[in-house]
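Chemist: Spelled out from the first residue to the last, the chains are:
Number of protein chains: 6
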Amino acid sequence: MDVSRILELLMHGNQLKRTTRTGWAQRGVPLPENVAAHSYGVIYTALVLAELVEPQPDLAAALAMAALHDLPEGLTTDIPTPAWRFLPTGAKTEAEQRAMTTIVGDAPFGPRLLNWWETLRLNETPEARLVHDADKLDQYLQAYVYERQTGNRQLEEFWVVAHRFHYPLAQAIYDELRARRTASGAG
Amino acid sequence: MDVSRILELLMHGNQLKRTTRTGWAQRGVPLPENVAAHSYGVIYTALVLAELVEPQPDLAAALAMAALHDLPEGLTTDIPTPAWRFLPTGAKTEAEQRAMTTIVGDAPFGPRLLNWWETLRLNETPEARLVHDADKLDQYLQAYVYERQTGNRQLEEFWVVAHRFHYPLAQAIYDELRARRTASGAG
Amino acid sequence: MDVSRILELLMHGNQLKRTTRTGWAQRGVPLPENVAAHSYGVIYTALVLAELVEPQPDLAAALAMAALHDLPEGLTTDIPTPAWRFLPTGAKTEAEQRAMTTIVGDAPFGPRLLNWWETLRLNETPEARLVHDADKLDQYLQAYVYERQTGNRQLEEFWVVAHRFHYPLAQAIYDELRARRTASGAG
Amino acid sequence: MDVSRILELLMHGNQLKRTTRTGWAQRGVPLPENVAAHSYGVIYTALVLAELVEPQPDLAAALAMAALHDLPEGLTTDIPTPAWRFLPTGAKTEAEQRAMTTIVGDAPFGPRLLNWWETLRLNETPEARLVHDADKLDQYLQAYVYERQTGNRQLEEFWVVAHRFHYPLAQAIYDELRARRTASGAG
Amino acid sequence: MDVSRILELLMHGNQLKRTTRTGWAQRGVPLPENVAAHSYGVIYTALVLAELVEPQPDLAAALAMAALHDLPEGLTTDIPTPAWRFLPTGAKTEAEQRAMTTIVGDAPFGPRLLNWWETLRLNETPEARLVHDADKLDQYLQAYVYERQTGNRQLEEFWVVAHRFHYPLAQAIYDELRARRTASGAG
Amino acid sequence: MDVSRILELLMHGNQLKRTTRTGWAQRGVPLPENVAAHSYGVIYTALVLAELVEPQPDLAAALAMAALHDLPEGLTTDIPTPAWRFLPTGAKTEAEQRAMTTIVGDAPFGPRLLNWWETLRLNETPEARLVHDADKLDQYLQAYVYERQTGNRQLEEFWVVAHRFHYPLAQAIYDELRARRTASGAG
Numbered sequence: 497m498d499v500s501r502i503l504e505l506l507m508h509g510n511q512l513k514r515t516t517r518t519g520w521a522q523r524g525v526p527l528p529e530n531v532a533a534h535s536y537g538v539i540y541t542a543l544v545l546a547e548l549v550e551p552q553p554d555l556a557a558a559l560a561m562a563a564l565h566d567l568p569e570g571l572t573t574d575i576p577t578p579a580w581r582f583l584p585t586g587a588k589t590e591a592e593q594r595a596m597t598t599i600v601g602d603a604p605f606g607p608r609l610l611n612w613w614e615t616l617r618l619n620e621t622p623e624a625r626l627v628h629d630a631d632k633l634d635q636y637l638q639a640y641v642y643e644r645q646t647g648n649r650q651l652e653e654f655w656v657v658a659h660r661f662h663y664p665l666a667q668a669i670y671d672e673l674r675a676r677r678t679a680s681g682a683g
Numbered sequence: 497m498d499v500s501r502i503l504e505l506l507m508h509g510n511q512l513k514r515t516t517r518t519g520w521a522q523r524g525v526p527l528p529e530n531v532a533a534h535s536y537g538v539i540y541t542a543l544v545l546a547e548l549v550e551p552q553p554d555l556a557a558a559l560a561m562a563a564l565h566d567l568p569e570g571l572t573t574d575i576p577t578p579a580w581r582f583l584p585t586g587a588k589t590e591a592e593q594r595a596m597t598t599i600v601g602d603a604p605f606g607p608r609l610l611n612w613w614e615t616l617r618l619n620e621t622p623e624a625r626l627v628h629d630a631d632k633l634d635q636y637l638q639a640y641v642y643e644r645q646t647g648n649r650q651l652e653e654f655w656v657v658a659h660r661f662h663y664p665l666a667q668a669i670y671d672e673l674r675a676r677r678t679a680s681g682a683g
Numbered sequence: 497m498d499v500s501r502i503l504e505l506l507m508h509g510n511q512l513k514r515t516t517r518t519g520w521a522q523r524g525v526p527l528p529e530n531v532a533a534h535s536y537g538v539i540y541t542a543l544v545l546a547e548l549v550e551p552q553p554d555l556a557a558a559l560a561m562a563a564l565h566d567l568p569e570g571l572t573t574d575i576p577t578p579a580w581r582f583l584p585t586g587a588k589t590e591a592e593q594r595a596m597t598t599i600v601g602d603a604p605f606g607p608r609l610l611n612w613w614e615t616l617r618l619n620e621t622p623e624a625r626l627v628h629d630a631d632k633l634d635q636y637l638q639a640y641v642y643e644r645q646t647g648n649r650q651l652e653e654f655w656v657v658a659h660r661f662h663y664p665l666a667q668a669i670y671d672e673l674r675a676r677r678t679a680s681g682a683g
Numbered sequence: 497m498d499v500s501r502i503l504e505l506l507m508h509g510n511q512l513k514r515t516t517r518t519g520w521a522q523r524g525v526p527l528p529e530n531v532a533a534h535s536y537g538v539i540y541t542a543l544v545l546a547e548l549v550e551p552q553p554d555l556a557a558a559l560a561m562a563a564l565h566d567l568p569e570g571l572t573t574d575i576p577t578p579a580w581r582f583l584p585t586g587a588k589t590e591a592e593q594r595a596m597t598t599i600v601g602d603a604p605f606g607p608r609l610l611n612w613w614e615t616l617r618l619n620e621t622p623e624a625r626l627v628h629d630a631d632k633l634d635q636y637l638q639a640y641v642y643e644r645q646t647g648n649r650q651l652e653e654f655w656v657v658a659h660r661f662h663y664p665l666a667q668a669i670y671d672e673l674r675a676r677r678t679a680s681g682a683g
Numbered sequence: 497m498d499v500s501r502i503l504e505l506l507m508h509g510n511q512l513k514r515t516t517r518t519g520w521a522q523r524g525v526p527l528p529e530n531v532a533a534h535s536y537g538v539i540y541t542a543l544v545l546a547e548l549v550e551p552q553p554d555l556a557a558a559l560a561m562a563a564l565h566d567l568p569e570g571l572t573t574d575i576p577t578p579a580w581r582f583l584p585t586g587a588k589t590e591a592e593q594r595a596m597t598t599i600v601g602d603a604p605f606g607p608r609l610l611n612w613w614e615t616l617r618l619n620e621t622p623e624a625r626l627v628h629d630a631d632k633l634d635q636y637l638q639a640y641v642y643e644r645q646t647g648n649r650q651l652e653e654f655w656v657v658a659h660r661f662h663y664p665l666a667q668a669i670y671d672e673l674r675a676r677r678t679a680s681g682a683g
Numbered sequence: 497m498d499v500s501r502i503l504e505l506l507m508h509g510n511q512l513k514r515t516t517r518t519g520w521a522q523r524g525v526p527l528p529e530n531v532a533a534h535s536y537g538v539i540y541t542a543l544v545l546a547e548l549v550e551p552q553p554d555l556a557a558a559l560a561m562a563a564l565h566d567l568p569e570g571l572t573t574d575i576p577t578p579a580w581r582f583l584p585t586g587a588k589t590e591a592e593q594r595a596m597t598t599i600v601g602d603a604p605f606g607p608r609l610l611n612w613w614e615t616l617r618l619n620e621t622p623e624a625r626l627v628h629d630a631d632k633l634d635q636y637l638q639a640y641v642y643e644r645q646t647g648n649r650q651l652e653e654f655w656v657v658a659h660r661f662h663y664p665l666a667q668a669i670y671d672e673l674r675a676r677r678t679a680s681g682a683g
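Protein chains in written order, with this note's numbering: chain A, 497 to 683; chain B, 497 to 683; chain C, 497 to 683; chain D, 497 to 683; chain E, 497 to 683; chain F, 497 to 683.
Everything labelled a hint here was simulated from the structure, so no lab data went into it. Be aware that one or more of the hints could be misleading.
Across the chosen pairs, the derived CB separations fall in these ranges [to be verified]:
| hint | chain 1 | residue 1 | chain 2 | residue 2 | range |
| --- | --- | --- | --- | --- | --- |
| 1 | D | V657 | C | P604 | 42 to 50 angstroms |
| 2 | C | Q593 | E | R660 | 56 to 64 angstroms |
| 3 | D | E653 | C | P584 | 23 to 31 angstroms |
| 4 | E | G601 | F | E620 | 53 to 61 angstroms |
| 5 | D | R617 | C | T598 | 40 to 48 angstroms |
| 6 | F | P551 | A | G601 | 22 to 30 angstroms |
| 7 | B | T621 | D | G681 | 47 to 55 angstroms |
| 8 | A | S680 | B | S500 | 53 to 61 angstroms |
| 9 | D | E653 | F | R501 | 51 to 59 angstroms |
| 10 | F | N611 | C | T678 | 39 to 47 angstroms |
| 11 | C | T678 | E | R581 | 44 to 52 angstroms |
| 12 | E | E614 | D | E614 | 30 to 38 angstroms |
One side of the interface only, derived from the structure: several residues of chain A facing chain C at Cβ under 8 angstroms [as the list claims (entries may be wrong)]:
| hint | residue |
| --- | --- |
| 13 | Q522 |
| 14 | R523 |
| 15 | P526 |
| 16 | G647 |
| 17 | Q650 |
List time: in silico PhoX-like cross-link candidates among lysine-lysine, alpha-carbon distance up to 25 angstroms [what the hints assert, rightly or not]:
| hint | chain 1 | residue 1 | chain 2 | residue 2 |
| --- | --- | --- | --- | --- |
| 18 | B | K632 | B | K588 |
| 19 | C | K632 | C | K588 |
| 20 | C | K588 | D | K588 |
| 21 | A | K588 | A | K632 |
| 22 | F | K588 | F | K632 |
| 23 | A | K588 | B | K632 |
| 24 | F | K588 | E | K588 |
The structure displayed is predicted, hence computed values, not measured ones. Backbone N, C-alpha and C fix where the C-beta goes; we use that ideal spot for every residue, glycine too.
Required output: the full structure, derived from the provided sequences and hints.
Modeler: Structural data, given as structure tokens:
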């Protein structure tokens, strides 16, 4: 694998620093976080959760999945959930798969990276479920922080429907977060 | 038409103020313009062009088309051109039509707005062509300004392939812009 | 009209993208909208209103007026209302007229643009009144959105004195906005 | 003097933190400095100069003048130099005097503050000249820094006409700055 | 003293424009003020206080101390108070002294500047106490403004422990600020 | 381990989203990346490198180390390298250890997290060296991108002394980056 190709691969990760999380932007959060910062939150949360759940998951797989989770968004941008209903069924998955293949497909270890990404998408392993829970926990924690720090009242939308987590621990953390939010008068 | 519905309609336009032009963001322009500001540029440019071309176009139609041009992006966000290749053929048009219908479909004057938007998309009338030229002129003018004011060298990508305009006047303005860019050492 | 002169004319419109709406900035709204984005809001609002009022106004005139409304502010900046009391009576109008003349005066269609701008200022035609109503509606809608999305409590000042609109429809939209604001506990 | 009045006085100074230096904004500097930060630059520069010139100026007067210099801009905003040509002759001075009087006029020490401000404006004392030199030095130093750090090429306009300073020392610093700018290839 | 050395000295002051007040940043204030803007607030507040307290302090000394107060932070950055507990006792003072010496040490008037800075640190003169009071007043006024303008609820932390000022006047202003905060429902 | 304690632990990671990389800020990069986004870059880079070096490192350890690397900076802020020379020898390491202990010390898995962090610091294992290389690669890649996208010329400082990496692959990527930088005229 030549060095130029590796540099290109690294640049795809770097691109997440310039990819805004559109859900916050659409609701007027000033200077909302980018996908790289969110991805860090997911990885860190997965690391903490992995230490606490039983049986202990494969940490390398969990962290790798978390690191690759939103990598295609450097190419596709973060198309927000409500926008996908205007696109054909399955278009989101297909677009992300194609983007992911464009990014890593011809690397010698491409199949390995694609496999992690696909495993996460199928959401059938303990590690995949852990990362999905971490993904949501980071999102709700961020919503909570934004509400406290920016006074944004439109973020209430995030809390209307209570989320169901895979792991009881993740559920308990989320429930605690909801309780704090209500106690602080934001809910 | 009840007042709540009109307010909702106005809010869709307001949403463009929170919708970033992703082409600039992906290339690292700090605090890039939003779709509302760009749309203003298109409308203003269309107004100037309309005064100068022969035969004089239907100004109301041209300005209305320009004002409606990117309205769906408040719902879909500005999915950048390179991202559409990961989506099914025709998905972009379909998504924007659906979003536009969601926004204005049930308003009493919905058909009229949809008709302008569709006419623009088909690009077969003098007014539609004028607005497409104005759309591109605003983009290139902005690229030129960003290059001069932010020192961004990645915007060179915008100038690699020379654009072909419908109106000779628009072409002449663009050619002048390219010439100035080259003369100032940016090219 | 030579191409350089047209480019200069377009640059004056582009300048509105770098001209902050100072009323928001003075009250601490982070990254407040610029005049271009506001002007888009006025144009879009005028388009919606024009479809709903009777007798139907001259749409081309209304949209052109809205597009030209704040064009002088690229040169004068958006000097906020409270600041004008420190300047001689009539200075605001005179300054904007002079700036507008500097911008478009020597264009072949300069008189036509100046005429629209002057007609708007005199506020005696149905189109001028429609645009003035659209101008205020966009401002109040933005104040409402900023209050909801930034928690800014200093924007209360905007709502102390109820505005009187020319068109009953604009009045009804504004009244609905005030009612929503009060219902949401912001008022 | 009651405490509420003093708080109001302090708030006028605080307002400079929300008052953008429009000259930079108009030329596309991202997140340009505000008047408070610039004023700090003027005060600090005046302090350094005051230690170096002969005969030693009245330091208290020099620093107080520098601190009050742009205080009216919290009310008037920073109307840029090119905009004043659209206003009546003398309107700038008159507006700032009126604003200054509004801010400090009825304070027990109002006359003292106004006197410093007026002395600065008349520019006939060594201290006033020192502060004017410091004002310009901070502006040129900032232009130099922005050029180096943002790649903005439109700031070249600031250097076209060489400035003439009152103090030879200020002139020497400015000349050195110009020389460095040229040597670094920006000129 | 050669001109290059003076330029370097001025650049150290200029650096405060790029040095964020980290206490606000850590609590999620969007685009928080920098040290230069804060320093301006301290200087201006000191100027106002100096006019009102008895016996009248040495104004030149007070303003110079205020201007130099945070100058070392251009080199050290604004390490927030809670962070210092992780560093050895006395490390903060030592670091700032060293940085200050680096900045001004070899200037002909270095000893004079260092003396002001040291006098302020020892906090035993009327002027030093006045500047410390001004420093805190600017901080609390800014906290109050941020709470009103950004809806940030985490800034409550600043008000938990009531501050004790040296001067009764500063205390009265602060008490008034607390009272207003409570009255407006923020407390 | 109670849920509140876990939430607190997650909040420490979240804090990195509000912790600016001060090296960029001091050099005037507008809206520089935060530590969370940088940490993502390090993790992603470590993942890519880990797939390519021989013998294959313990991926879980490498990614966990990368995720924990800058965690203390949420408490200490990112005190830039040049600032540490004003602090006692060893103060940086001690401060980060103390902060890290404050963050994770009393968690049931605290020792495990501290051990990763300490192993990284000692830099004696293949995984630790890989993460250090990834840390530097992300920094240089970001410097390269900022230079291209913001025209900042002060970032030249980062390239004066060529960095020595542990892994030949990291060295080759860095050398390629330097070559590209020179070829593009930035060097």
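Chemist: Run every hint past the structure and note whether it holds.
Modeler: Here is how each hint holds up against the structure:
1. At about 33 angstroms, the beta-carbon gap between D:V657 and C:P604 misses the expected band of 42 to 50 angstroms.
2. Between C:Q593 and E:R660 the beta carbon distance is about 57 angstroms. The supplied range of 56 to 64 angstroms therefore holds.
3. Our hint of 23 to 31 angstroms for D:E653 and C:P584 holds, since their Cβ atoms are close to 29 angstroms apart.
4. Roughly 40 angstroms separates the CB atoms of E:G601 and F:E620, a value that falls outside the hinted 53 to 61 angstroms.
5. For the pair D:R617 and C:T598, the supplied restraint of 40 to 48 angstroms is violated, since their beta-carbon distance comes to about 28 angstroms.
6. Restraint check, F:P551 to A:G601: a C-beta distance of roughly 26 angstroms satisfies the suggested window 22 to 30 angstroms.
7. Remark: the range hint 47 to 55 angstroms for B:T621 to D:G681 is upheld by a beta-carbon distance near 50 angstroms.
8. Our hint of 53 to 61 angstroms for A:S680 and B:S500 is violated, since their Cβ atoms are close to 31 angstroms apart.
9. Our hint of 51 to 59 angstroms for D:E653 and F:R501 holds, since their Cβ atoms are close to 58 angstroms apart.
10. Taking the beta carbon of each, F:N611 and C:T678 are about 57 angstroms apart, not inside 39 to 47 angstroms as hinted.
11. The hint said 44 to 52 angstroms for the Cβ distance between C:T678 and E:R581, and at roughly 47 angstroms that hint holds.
12. In this structure the supplied range 30 to 38 angstroms holds for E:E614 paired with D:E614, their Cβ-Cβ distance being about 36 angstroms.
13. A distance limit of 8 angstroms between C-beta atoms decides the matter here; for A:Q522 the minimum to chain C is near 10 angstroms, and the interface restraint is violated.
14. Taking 8 angstroms as the C-beta cut-off, the interface hint given for A:R523 holds, the closest approach to chain C being about 6 angstroms.
15. The criterion of a C-beta within 8 angstroms of any C-beta in chain C is met by A:P526, whose closest approach is roughly 4 angstroms, and the hint holds.
16. Interface hint status for A:G647: upheld, as the beta-carbon distance to the closest one in chain C is roughly 2 angstroms, under 8 angstroms.
17. A hinted interface residue such as A:Q650 counts as satisfied when its beta carbon comes closer than 8 angstroms to some beta carbon of chain C; here the least separation is about 6 angstroms, so the hint holds.
18. Only pairs whose Cα atoms come within 25 angstroms are accepted, and B:K632 paired with B:K588 is accepted, the gap being roughly 18 angstroms.
19. For a cut-off of 25 angstroms, the pair hint linking C:K632 to C:K588 stands: about 18 angstroms separates their Cα positions.
20. For the given pair, C:K588 sits about 13 angstroms from D:K588 by alpha-carbon distance, which is consistent with the 25 angstroms threshold.
21. As the CA atoms of A:K588 and A:K632 are separated by approximately 18 angstroms, the hinted pair is consistent with the 25 angstroms bound.
22. Distance restraint check for F:K588 and F:K632: the Cα-Cα separation of roughly 18 angstroms lies within the 25 angstroms cut-off, and the hinted pair is therefore satisfied.
23. Under the criterion of a C-alpha separation no larger than 25 angstroms, the hint pairing A:K588 with B:K632 is inconsistent with the structure, at around 28 angstroms.
24. For the proposed pair F:K588 and E:K588, the alpha carbon gap of about 13 angstroms is at most 25 angstroms, so the pair holds.
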